[in-house]
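*Asks:* Let's have the full structure, built from the sequences with the hints guiding it.
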Amino acid sequence: MDIRIDNLEGPEVLALLREHLDSIAPTAPADSRHALDLGGLRGPGITFWSIWDGPVLAGFGALKHLTESHAEIKSMRTAASHLRQGVASRLLQHIIQEAVARGYSRLSLETGSMAFFEGARRLYASSGFVSCPPFGSYKADPNSVFMTRRLRELASDDFSGNLPVNPGT
1 MDIRIDNLEG
11 PEVLALLREH
21 LDSIAPTAPA
31 DSRHALDLGG
41 LRGPGITFWS
51 IWDGPVLAGF
61 GALKHLTESH
71 AEIKSMRTAA
81 SHLRQGVASR
91 LLQHIIQEAV
101 ARGYSRLSLE
111 TGSMAFFEGA
121 RRLYASSGFV
131 SCPPFGSYKA
141 DPNSVFMTRR
151 LRELASDDFS
161 GNLPVNPGT
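Just so you know, full-length UniProt numbering puts 132 at position 132 of the sequence shown, and the rest follows in order with no gaps.
Think of the hints as simulated: they come from the structure by calculation, not from any bench. Keep in mind that the hints are not guaranteed to be accurate.
Pairwise CB distance ranges (calculated) [as the list claims (entries may be wrong)]:
id, residue 1, residue 2, range
1, G10, A140, 32 to 42 Å
2, R152, H65, 12 to 22 Å
3, Q97, A30, 27 to 37 Å
Under the rule of at most 20 Å between Cα atoms (straight-line distance), these lysine to aspartate or glutamate pairs were calculated in the EDC-like manner [what the hints assert, rightly or not]:
id, residue 1, residue 2
4, K74, E118
5, K139, E110
6, K74, E9
7, K74, D31
8, K74, D22
9, K74, D141
10, K74, E110
11, K139, D31
12, K74, E98
13, K74, E19
14, K74, D6
15, K74, D37
16, K74, E12
Heads up, the beta-carbon is just placed ideally off N, CA and C, and yes, glycines get one too.
*Replies:* This is the structure:
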């Protein structure tokens with residue numbers, strides 16, 4: 001699979017984004033939905049990636065700059081044709097590694113509290129994310145779950161070239 005920065009112009013990406021927004025719309029009141037639309041994903045401080053299985057779009061996700069030390073994961077979505085094939089895990093690990101490479105020390109996210117989002121919460125927990133209070137401009141909301149993880153700085157004595165991450169808080 002190939003993960004690449006995407007300009008959000010391809011018809012496959014636009015169709016999956018529409019599907020993403022349409023599928024989450026019924027899960028919570030409008031003031032509790034925080035998914036970014038096309039304009040939001042094209043905004044400053046956002047990097048958007050798509051993941052491809054050959055010529056087929058398998059999913060997408062984004063990283064939003066909050067502060068010099070803190071970033072947020074946005075708009076993770078796997079295409080129905082690629083569910084339970086490791087797409088989300090691969091993309092999440094890519095975003096985590098990119099956050100480490102950019103020097104962020106914390107990576108956070110907001111997702112829904114409803115059963116619809118249970119798989120997403122399990123994915124994030126399996127990658128070291130833990131529950132946290134609202135961050136950035138978010139407010140406490142029974143329809144939202146906030147999660148975060150600390151990212152370990154590259155140790156000065158680590159000459160392996162790997163970008164380590166610490167799943168602890």
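*Asks:* So, for every hint listed, does it hold in this structure?
*Replies:* Results of checking the hints against the structure:
no., hint, result
1, G10 to A140: 32 to 42 Å, "holds (37 Å)"
2, R152 to H65: 12 to 22 Å, "holds (19 Å)"
3, Q97 to A30: 27 to 37 Å, "holds (34 Å)"
4, K74 to E118, "holds (16 Å)"
5, K139 to E110, "holds (11 Å)"
6, K74 to E9, "holds (18 Å)"
7, K74 to D31, "holds (17 Å)"
8, K74 to D22, "holds (16 Å)"
9, K74 to D141, "holds (18 Å)"
10, K74 to E110, "holds (8 Å)"
11, K139 to D31, "holds (11 Å)"
12, K74 to E98, "holds (14 Å)"
13, K74 to E19, "holds (15 Å)"
14, K74 to D6, "holds (14 Å)"
15, K74 to D37, "holds (11 Å)"
16, K74 to E12, "holds (19 Å)"
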